[in-house]
Each structure stands twice: as structure tokens, then as C-alpha cells.
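Participant: Residue numbering for the sequence shown follows the numbering used here, starting at 33 and increasing by one per position.
Just so you know, these hints were derived from the structure itself, not from any lab. Fair warning: there could be bad hints in the mix.
Said to hold, decoys possible - If you anchor each label on the Cβ, the simulated ranges turn out as follows:
| id | residue 1 | residue 2 | range |
| --- | --- | --- | --- |
| 1 | SER41 | PRO112 | 29 to 35 angstroms |
| 2 | ARG113 | THR37 | 28 to 34 angstroms |
| 3 | ASP119 | LYS34 | 20 to 26 angstroms |
| 4 | ASP119 | MET33 | 28 to 34 angstroms |
| 5 | GLU82 | LYS115 | 32 to 38 angstroms |
| 6 | GLU120 | ILE95 | 32 to 38 angstroms |
| 7 | HIS40 | TYR63 | 27 to 33 angstroms |
| 8 | ASP39 | LEU111 | 27 to 33 angstroms |
| 9 | GLY96 | HIS40 | 33 to 39 angstroms |
| 10 | SER60 | GLY96 | 28 to 34 angstroms |
Fair warning: this is a prediction, and the values are worked out from it, not measured in the lab. All residues carry an ideal CB built from backbone N, CA and C; glycine is no exception.
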Amino acid sequence: MKFSTIDHSNLDELCIAFESCLTQNQISFKYVDMTEEDGIISFIFCNNPEYARSVELDGKQFIGLDTDYIANEILVPILPRLKEFADE
33 MKFSTIDHSN
43 LDELCIAFES
53 CLTQNQISFK
63 YVDMTEEDGI
73 ISFIFCNNPE
83 YARSVELDGK
93 QFIGLDTDYI
103 ANEILVPILP
113 RLKEFADE
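With the hints as extra help, turn the sequences into a complete structure.
Facilitator: Rendered as C-alpha cells:
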């Protein structure tokens, strides 16, 4: 799906793409969410809410791109760290 605007529906689709990217790389978290504030998108992930972490990105830069492409561009470079965090 194309990320066409920063709204609830597109954020849901982007979150699904992020979760799918993690799953394809055998990484899972008990809690994931995606929020937006002033154009900054936060992908929040954790197994314990007390230790939640997030990846933040400027949503305007990704308008018009495919959600799976965005997920791979953001997450693939940090997969080793995400794997460590998921295993803690």
C-alpha cells in the first residue's frame, strides 16, 4: 500500500508493514504501536511496557512510498539491535 497521507488508516497500514518486516526476520514483540505528533511518526515496540522503545521518523518524507519499502528502509539497518531487545 502507498503511504499517501499521515492519517489513522495509513498509520495502521504502516504499523502492519513494520510488524511484517519484524516477523519475516523472526523478531516479535508483545506490544507494538504507531503514533504521530506534528508529522513525526513513532513506531513503539516492547515486551514490557516499562522498557518500551521507539523508532521515530519524519512522516512527510515517506508520502508516496510503499509501506513495505518504508518498513525495510527503517528497520533492516537496525535488525540486530531489535533482535537483542526482543530477546531480553
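Participant: Should the hint that ASP119 and MET33 are 28 to 34 angstroms apart at their CB atoms be regarded as holding?
Facilitator: Holds: the Cβ-Cβ distance is about 30 angstroms, inside 28 to 34 angstroms.
Participant: Taking the Cβ atom of SER60 and the Cβ atom of GLY96, is their distance within the range 28 to 34 angstroms?
Facilitator: 29 angstroms, holds
Participant: Can you let me know if the beta-carbon spacing of SER41 and PRO112 is within 29 to 35 angstroms?
Facilitator: At roughly 32 angstroms between Cβ atoms, PRO112 and SER41 fall inside 29 to 35 angstroms, so the hint holds.
Participant: Between ARG113 and THR37, does the beta-carbon spacing fit 28 to 34 angstroms?
Facilitator: At 30 angstroms between Cβs, range holds.
Participant: Could one say that the CB atoms of ASP119 and LYS34 fall in the range 20 to 26 angstroms?
Facilitator: Roughly 34 angstroms apart at Cβ, these two residues miss the hinted range, so it is violated.
Participant: Note whether the CB distance of GLY96 and HIS40 lies within 33 to 39 angstroms or breaks it.
Facilitator: The hint (33 to 39 angstroms, Cβ to Cβ) is violated, given that GLY96 and HIS40 are roughly 18 angstroms apart.
Participant: Within 32 to 38 angstroms: is that where the Cβ-Cβ distance between GLU82 and LYS115 falls?
Facilitator: 20 angstroms, violated
Participant: Between GLU120 and ILE95, is the Cβ distance one that fits in 32 to 38 angstroms?
Facilitator: Taking Cβ atoms as reference, GLU120 and ILE95 lie about 34 angstroms apart, which means the hint holds.
Participant: Note whether the CB distance of ASP39 and LEU111 lies within 27 to 33 angstroms or breaks it.
Facilitator: Hint holds: Cβ distance 28 angstroms, inside 27 to 33 angstroms.
Participant: Starting from the range 27 to 33 angstroms, see whether the pair HIS40 and TYR63 falls in it by beta-carbon distance.
Facilitator: Given range 27 to 33 angstroms: violated, Cβ gap about 19 angstroms.
Hint violations for this structure: numbers 3, 5, 7, 9, all remaining hints satisfied.
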